[in-house]
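Asks: Sequence:
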Amino acid sequence: MLKLTRYIKKHLFAFSMIVILLFSQAQADLALPGYMSNIISFGIQNNGITSPVPDAIRPEQLEKITLFLSQDEILEVEKAYKLTIPAEASDNQKAQFPLLESESLYILDKEKEELAKLSNSFIFAQTVISSIDNDIIPIDSVVQLPPGVSFYQAIEAMPEADKLNVFANIKEQTDKLGKQMLQGVAFNYVSEEYMAIGINMQKLQSSYILGIGIKMLGITLISVAAAFLVGYFSSITAAKIAREIRLDVFTKIQNLNAAEYGDFSTASLITRTTNDIQQIQQFIVMFFRIIIFAPIMAIGAVLKVLQSNTQITWVIAITAIIIVGFMLASFALIVPRFSVIQRLIDKMNLVTRESLTGVMVIRAFDTQMHQGEKFDAVNKEVVKNQLFVGKTFAVIRPLLEVLLNTTILVIIWVSAKQIDLGQMRIGDMTAFIQYAMQIIMSFIMISMMAVMIPRAQVALKRIFEVLDKEIDITDPDNPKMLKTGDTAEVFFDNVSFRYPNAEADVISNLSFTAKPGTTTAFIGSTGSGKSTLVNLIPRFYDVTSGAIKINGVDIRDVTLHNLREEIAFVPQSANLFSGSIASNLQMGREDANEEDMRQAIEIAQASDFVYDRPQQLDSPISQGGTNVSGGQKQRLSIARAIMKKANILVFDDSFSALDFKTDAKIREQLDDYIKENQATVLIVGQRVSSIMDADQIIVLDQGLACGAGTHSELMITCPVYQEIASSQLTEEEIENARK
37 MLKLTRYIKK HLFAFSMIVI LLFSQAQADL ALPGYMSNII SFGIQNNGIT
87 SPVPDAIRPE QLEKITLFLS QDEILEVEKA YKLTIPAEAS DNQKAQFPLL
137 ESESLYILDK EKEELAKLSN SFIFAQTVIS SIDNDIIPID SVVQLPPGVS
187 FYQAIEAMPE ADKLNVFANI KEQTDKLGKQ MLQGVAFNYV SEEYMAIGIN
237 MQKLQSSYIL GIGIKMLGIT LISVAAAFLV GYFSSITAAK IAREIRLDVF
287 TKIQNLNAAE YGDFSTASLI TRTTNDIQQI QQFIVMFFRI IIFAPIMAIG
337 AVLKVLQSNT QITWVIAITA IIIVGFMLAS FALIVPRFSV IQRLIDKMNL
387 VTRESLTGVM VIRAFDTQMH QGEKFDAVNK EVVKNQLFVG KTFAVIRPLL
437 EVLLNTTILV IIWVSAKQID LGQMRIGDMT AFIQYAMQII MSFIMISMMA
487 VMIPRAQVAL KRIFEVLDKE IDITDPDNPK MLKTGDTAEV FFDNVSFRYP
537 NAEADVISNL SFTAKPGTTT AFIGSTGSGK STLVNLIPRF YDVTSGAIKI
587 NGVDIRDVTL HNLREEIAFV PQSANLFSGS IASNLQMGRE DANEEDMRQA
637 IEIAQASDFV YDRPQQLDSP ISQGGTNVSG GQKQRLSIAR AIMKKANILV
687 FDDSFSALDF KTDAKIREQL DDYIKENQAT VLIVGQRVSS IMDADQIIVL
737 DQGLACGAGT HSELMITCPV YQEIASSQLT EEEIENARK
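Each position in the sequence shown, counted from 1, maps to that position plus 36 in this note's numbering.
Note that these hints are calculated values from the structure, not bench results. Hints may be right or wrong, so weigh each one.
Unchecked claim - In the DSS-like style, the derived pairs of lysine-lysine whose C-alpha atoms are separated by at most 25 Å in a straight line are:
{"no.": "1", "residue 1": "Lys288", "residue 2": "Lys276"}
{"no.": "2", "residue 1": "Lys276", "residue 2": "Lys45"}
{"no.": "3", "residue 1": "Lys551", "residue 2": "Lys701"}
{"no.": "4", "residue 1": "Lys711", "residue 2": "Lys681"}
{"no.": "5", "residue 1": "Lys519", "residue 2": "Lys585"}
{"no.": "6", "residue 1": "Lys505", "residue 2": "Lys276"}
{"no.": "7", "residue 1": "Lys680", "residue 2": "Lys519"}
{"no.": "8", "residue 1": "Lys46", "residue 2": "Lys497"}
{"no.": "9", "residue 1": "Lys39", "residue 2": "Lys276"}
{"no.": "10", "residue 1": "Lys118", "residue 2": "Lys153"}
{"no.": "11", "residue 1": "Lys153", "residue 2": "Lys207"}
{"no.": "12", "residue 1": "Lys497", "residue 2": "Lys420"}
{"no.": "13", "residue 1": "Lys276", "residue 2": "Lys46"}
{"no.": "14", "residue 1": "Lys497", "residue 2": "Lys276"}
{"no.": "15", "residue 1": "Lys251", "residue 2": "Lys340"}
{"no.": "16", "residue 1": "Lys585", "residue 2": "Lys681"}
{"no.": "17", "residue 1": "Lys585", "residue 2": "Lys680"}
{"no.": "18", "residue 1": "Lys697", "residue 2": "Lys711"}
{"no.": "19", "residue 1": "Lys153", "residue 2": "Lys115"}
Note that the structure is a prediction, hence the values are computed from the model and not measured.
With the hints as extra help, turn the sequences into a complete structure.
Replies: Structure (structure tokens):
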């Protein structure tokens, strides 16, 4: 996967934007449980009251509270609260606190946050007042009161030391209630005080819940917007990266030489360029949206859990360990299967390609059943492995859901005990469940990525097998320029060639010169090295020893572009590309006009079928030229080569599909073209009639040149050539050649 970073680095800005958006989305999602907890704890349970420090309080109640505060705390309270009498109260204050119409109130004149440090003291004082007033704590257990003296009068009259002892005694008893229960008592005290003041508690509660709800809606919209932008940026970035990889793979394939190309099947290269890169594109999208997002979410939720309640984090820890174990086990089971599936898809593509390209042969030999069995065998293997993967995930998904629900039940069970002990609020439990679900869902998302990670790994490995393939035939570091001018002389200097991993040379110690304005032909039995020889000229292969020179320059010392500019090549198997007749001819020369194409077509004897068509040069050609005959394909391929007007023309058995009459006409026209343009022509032929007029014929036998000369000379001096000629020519033609 690290190899993918070379492409991601090109899109660092988009990557940074995605990470920032994911972080924003995670923060928004993580904030929602806290707000929901506040709605339950403060909005529903505490009637919208969020602090034990009241906004307004009656004077007698404030006096009671100050009895339980230190001198410093009393000073803070006196600074914070302002006594407001009915005559001085504003209409807004009277509307907010109706009791102000008739009685004076202390109204908070500071932000509550400034009195946050007094919260515990207020809670203690309010708990004591509520407990004493409601007989929850027996007064006799705290202090012995003289007759006719109230508890508050006794506290006020006590020396400081005695007062502290009483407070310690009370605190010892109230601490047994638990922190959350004490807060509940304090909030209940504030609620009763608000009702005494005349505040509409239902309105206060609704206002609080509505305010939190609006905040949650805003946060949700932020999360949705971030998720949308993440999806947009990740899809665009993944598509761009896939395009770059696809272009690199295609370019690399174009630059592979014939031997390197043979290391991969055509079906495999197609799969790697399409399906494998599609897998990478999907993985990149999921990488941005899940693999990055899930850890951010999980870590954030863990931090929230640690901040809220650390006593039940063990539940999350155990669940996380189980999920990680699940992930590792499933990963170990599935990864090997994905490698097998990709290889089988290659094989299935190969069988399909063979069946489609060879459909006429299959029908002719009535082997449809055999081909069907071959395809079915591969197809069954693919299905077998895919079913295994599907069954594995069919088991994992429900097990993870069971684990999630079990975790929630355990959290509720443990939290219920803590709520009963007053150590946790119901809202805290709700938030903890949501955080736990976020943590577990993050792990589940990562575990489900185990479906894509192995496939992406396999696909990436296959892609980089192509990209990392070393190309043997490359441009030299300090290239020379071919100075051909109007002519080019080709010189084979003691050339030998051996295919990679072969035990013997295909061509051995071959030397000859092909001069401008002449035709050099090669003939020999099947496998004698004729096609291999001409494939060395455009450097489809490099010579094993010796050198090929054009105008005295070794072709290995020039760039491939410079070399191939000078060569027009017609391969043994004519190949046309989808488009039109004109677009195929213009591959030889893009700036060619209609007159240039007409001349090339006439030389190639293709006028009869090109100009008889309604669309003529614009007539469509299907992929591979399947809508024209073999002879027509060869003639169009010859015309394409002539169109290039290169100094060197190479014909690799390019007249084999032509009838003798057409062959003779093309050779006649070609001779005129050669003399006029002083082209150097090299022809591989199987038929003596196609090459007998060549200026030089080289006879090959098992890679060795066993004869060289004109047709007449070879008929006298070369037994191999004589044998070939006698099998193809009449006695009269043979006798005429010897004269």
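Asks: Which earlier hints can't be squared with this structure?
Replies: none
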